[in-house]
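S.K.: The residues making up each chain are set out below.
Number of protein chains: 2
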Amino acid sequence: MIASVWWNKLAATEDVMPGHTPVLTLAYKELQEGWDGPPVTLALKKDRQLKEDGFTIHSEQGRVAIGSPGETGLLYGVYHLLRLQSAGADTDSLQVKENPLYDLRILNHWDNPDGTVERGYAGRSLWNWEELPSVLSERYSEYARINASIGINGTVLNNVNASSATLAIEHLEKVKALAGVFRPYGIRVYLSVNFASPIQLGGLSTADPLDKEVVNWWRQKVKEIYRLIPDFGGFLVKANSEGQPGPCDFGRTHADGANMLADALEPYKGIVMWRAFVYNPTDTDRAKQAYQEFQPLDGQFRDNVIVQIKNGPVDFQPREPYSPLFGAMPHTGQMVEFQITQEYLGFSNHLVYLAPMWKEFFSFVPPASLKAMAGVANTGTDANWCGHPFARANWYAFGRLAWNPSLSSEEIAGEWLKQTFTQDTTFVLPIREMMMESHEAAVNYMMPLGLHHLFAWGHHYGPEPWCEIPGARADWLPSYYHKADKTGIGFDRSRAGSAAVAQYPAGLARQYDDIQSCPDAYLLWFHHVPWGHTMKSGRTLWDELCYAYDRGVRQVRAFQQLWDSMEKQVDPQLFKDVQARLSIQVRDAVWWKDACLLYFQEFAGRPVPYDIERPIHSLEALKKVRLPIGNYECPSEELLNKNR
Amino acid sequence: MIASVWWNKLAATEDVMPGHTPVLTLAYKELQEGWDGPPVTLALKKDRQLKEDGFTIHSEQGRVAIGSPGETGLLYGVYHLLRLQSAGADTDSLQVKENPLYDLRILNHWDNPDGTVERGYAGRSLWNWEELPSVLSERYSEYARINASIGINGTVLNNVNASSATLAIEHLEKVKALAGVFRPYGIRVYLSVNFASPIQLGGLSTADPLDKEVVNWWRQKVKEIYRLIPDFGGFLVKANSEGQPGPCDFGRTHADGANMLADALEPYKGIVMWRAFVYNPTDTDRAKQAYQEFQPLDGQFRDNVIVQIKNGPVDFQPREPYSPLFGAMPHTGQMVEFQITQEYLGFSNHLVYLAPMWKEFFSFVPPASLKAMAGVANTGTDANWCGHPFARANWYAFGRLAWNPSLSSEEIAGEWLKQTFTQDTTFVLPIREMMMESHEAAVNYMMPLGLHHLFAWGHHYGPEPWCEIPGARADWLPSYYHKADKTGIGFDRSRAGSAAVAQYPAGLARQYDDIQSCPDAYLLWFHHVPWGHTMKSGRTLWDELCYAYDRGVRQVRAFQQLWDSMEKQVDPQLFKDVQARLSIQVRDAVWWKDACLLYFQEFAGRPVPYDIERPIHSLEALKKVRLPIGNYECPSEELLNKNR
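Protein sequences, first through last, are from chains H and E.
If you're matching positions, the first sequence starts at 1 in the numbering used here and goes up one per residue.
If you're matching positions, the second sequence starts at 1001 in the numbering used here and goes up one per residue.
Hints are supplied without guarantee of correctness; some may be wrong.
To be verified - DEER-style ranges, computed between Cβ atoms:
id, chain 1, residue 1, chain 2, residue 2, range
1, E, Glu1433, H, Lys576, 37 to 43 angstroms
2, H, Ser479, E, Arg1551, 37 to 43 angstroms
3, H, Tyr610, E, Lys1269, 54 to 60 angstroms
4, E, Asp1485, H, Asp92, 51 to 57 angstroms
5, E, Leu1639, H, Glu638, 19 to 25 angstroms
6, H, Arg551, E, Glu1602, 32 to 38 angstroms
7, E, Leu1136, H, Ser479, 54 to 60 angstroms
8, H, Arg551, E, Phe1364, 42 to 48 angstroms
These aren't lab readings, by the way, just hints derived from the structure by calculation.
This one's a predicted model, so the numbers in the text were calculated from it and none came from an experiment.
Backbone N, C-alpha and C define an ideal beta-carbon position, used for all residues, glycine too.
Excised from the complex, chain H in its bound form (with noise of 0.2 angstroms):
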């Protein structure tokens, strides 16, 4: 089994030190257990140069000092100090200053009132609500302290489809139960809310945020609210997207709804999370959307709103262009969502290691631009807390890249790997680079060259670019996306297209609007490619996008070849998880080539290049495969052998 944190010497025990705050109690214990080296001390300080969280780390002459403005600082500093030592690092002479980038730097959990998660494949919601308050499960305090160990000071409890009962008076006792284990480790608790929560919970005949009746019961639903927890966070929302209620549906702006809230909260501190992904069923291309809608708001909204924006034009793709309101909207505080859980990425069977995927968003955007960053957390039930032992990296990659957005991708893997498993470089340099290729693996046997959300209907998981469903939303199918066609295949979006490129700035948009300038990860995002088009390698884009599915396939061969070759430094069950894992994801691998290449070289009437791997499946048994799963479950081997 993997250890409950990222590094494996902590065990937890009971003993607590008398005559300390708990935040400084807790900093005593993990050093007493975890720490190695000389005595530590521990000194809140004026420091003009460190945030409240910040900290510095000096250690000299047998000696160690860590220092902060702050309780939460000096715990911050502890974890570091214990990484380093994890890592193998010099703990002689330490010179350390650090401060966090942002000052929020918070998980969305995407859980349910019933104790599913969407999205969520790493077993059921960590919140039993029909325990709390009452019952207070040890793995509250473990969740917390893995947290804080990475920084990670705030988490939204509940799904952003969110329910009114959450603002219950008997739920946000429950809520307030939560926020009390949380808060020693320095995170406080944050509600999605349901904008119709003055009609469904308060009785009201409207949710129109001008409307005074509304504002009031806001008011008093916030008073309660702060009553009951006087350093809650603030309220994540999901507004008129996706069938969710929002000002909209009064003849409001986002920015009406948004700020009404805002002002409830603004006496106690409190933040408005306010979400931009929004589409709707129209012919306007859906990349475009959330730009459209929300640009025109720059400069409407309260200080204590943060518009917060998926990473992407569309939604948590396997790769895509940044989304253009990032930098759009210079009045306005921004965020950027990321999905920590693999909605689109082979769920938790997938070894997927997102970190480089992240950087690539902030090669794009400056990471100083926003003011926090937001995670779709891949947490559960499961023992082993993400299902994919490989998965916990990415909640350890998010919260340090929350913390520092300038950490390389490998820092961080090499980080987490010596913390998780060993400091033998013979075992930590290699896993790293499989790390480091994971991603564009996925991208490659997935949706290569800017193809996009080419998933089955009912789940994002297996392949169906022919999926056809009666009625549905066009901007709910693959086709609606990949559009091939006889002369080719990509969504055109250049000015000639949908003019999404129009959206960015003028050098990007230039550069995205020429086929012949845009980038090939991006060009058929961008663009309608004939499937005879040369290539900046010179060859087809038809044989492009085949070598491109076949080099996904032999990276994740690889990456099993490699992981059995480490057999012997790894502990048995958690080798044979992951070797297990990889299995799948080689499968996988294999069925989303076979299934894309197959289906598109019905239009593009070209062969597959002789010196490719040949498909295993016939297009006619792929197009019979049904996995019966949800949105809240990873299909296991046993359901994929049967199912396809």
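Chain E: place on chain H using the hints.
M.R.: Chain E alone, transformed into the frame defined by chain H:
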């Protein structure tokens, strides 16, 4: 569709030449339809250098002359000339002299009275007994023509597991009708007989070969046959083997039984082919039993008896050492029984060119030491005759080798490819290479290094090395053959074990007996080898086994890729047929590799080398595979998809 004979240009017509014998009429018709050169004369001539079936071809100054002592020889000469033309040879100045090495070149059909074919994978039996003798299918003459074109001159119409009803007068009338169709093509018919026919058909109380009534019954029956079919060839007998009756049931020897039948046939120049495929459910190593039973009988058989021996000592495995009975009965006529139908080599789903396997046999057994060559046919009612288009190459190669065993496998493959597809060397050369490699590939992915009989119970298609059937004959179970345990794998047939090596000539016996000198290809046939044993390559046995299975998979994947690259050079339907079967073959290869390596790994306890592709299946899932097929069916892709 593949053409109905080896070369494409020929088409059957109804023209008949007046004034000639049926054989010469045929010969002239073939010339008229197929010959594209100067006038050809056919001349019967005495020539001491020519056997009755031999022929000469001379061409010069715009004339071609074919000569032979017999009419069938002239027909063979015509087919040879057409073959040369189809293969693109220069026919302007030919000096050909051809004699068959064997006077008897015979197919064994394992066709049952009910129209099924035991171990047949190309549809049902060609012989429509219900319609015979009144209806004569055009396929009967087509069958004869194809055989004649490669020199096959005998056919045993029915299964060696014979019904006594075969010899009933009503049935013999039907046989007579077929013999009439085949006669102009130089083909004689033979029948498999049930040794208990005097009891079952004649109503006698015994079938003891020394019983006078029995002797008389057979004499009368033979007389009856020859009255109907004056050129009837003789009998093939499977006696005292796998439940068939035989002389041993009456305390007599195989020689007693064979001689009794031979005496009945002798007046008509008929022969007995007496199979040496015998083994009992005793403790004796099955591989030793044919030798033990037959070798002591050397010198006791009549001149018109030929002992028919399978090429290997067990049963048509993907690779066996030659049967040591060959060469061990210097005073007895012997013939080899090859299996053209791919009972143990992927049925008609796998592309396996068998000539190299047969040539391997001849590298141990001098062709001239034998009197005849028999092949278990792979024909059926499928439009392309053999199921797999490339299975026709095995029918072709059998005929060519039976005529001249010193032809090389390459030569034969090249001839066949040119006549079947094209003379274009960009097709012929690489595809010939593929054919040449195909048997070794099948051995690699099924049973490398001398492994044998790892097949599933109930059929000989897929792997089931773990198979255990309570109460089953030990020598019908894979564990009898592989004997895998914690120490190693393989059947110890060295002098320290079953001592089967001692049946071989001294030099070979010494080589095979020593684990160091025993060739890798037969190692696990003759030795129980420790998993850690150092092979000639320097690798351990376990690693060598892994690499062999992996190589097999890679080889067939390469076949797929090569075949696909030939799309433009092959008729589309034929192309797709082969393509689809190659895809099954690749999946089967992976199936075999995974099943055998995962199963044997449980004993070896060693890791699969890390540069080998990881298993796709789990052992648990593989153990659940059940193919609902009998011994006369070929699993379809659909069935395979559903059941494995």
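S.K.: To test your reading of the hints: which numbers does this structure violate?
M.R.: Structure breaks no hint.
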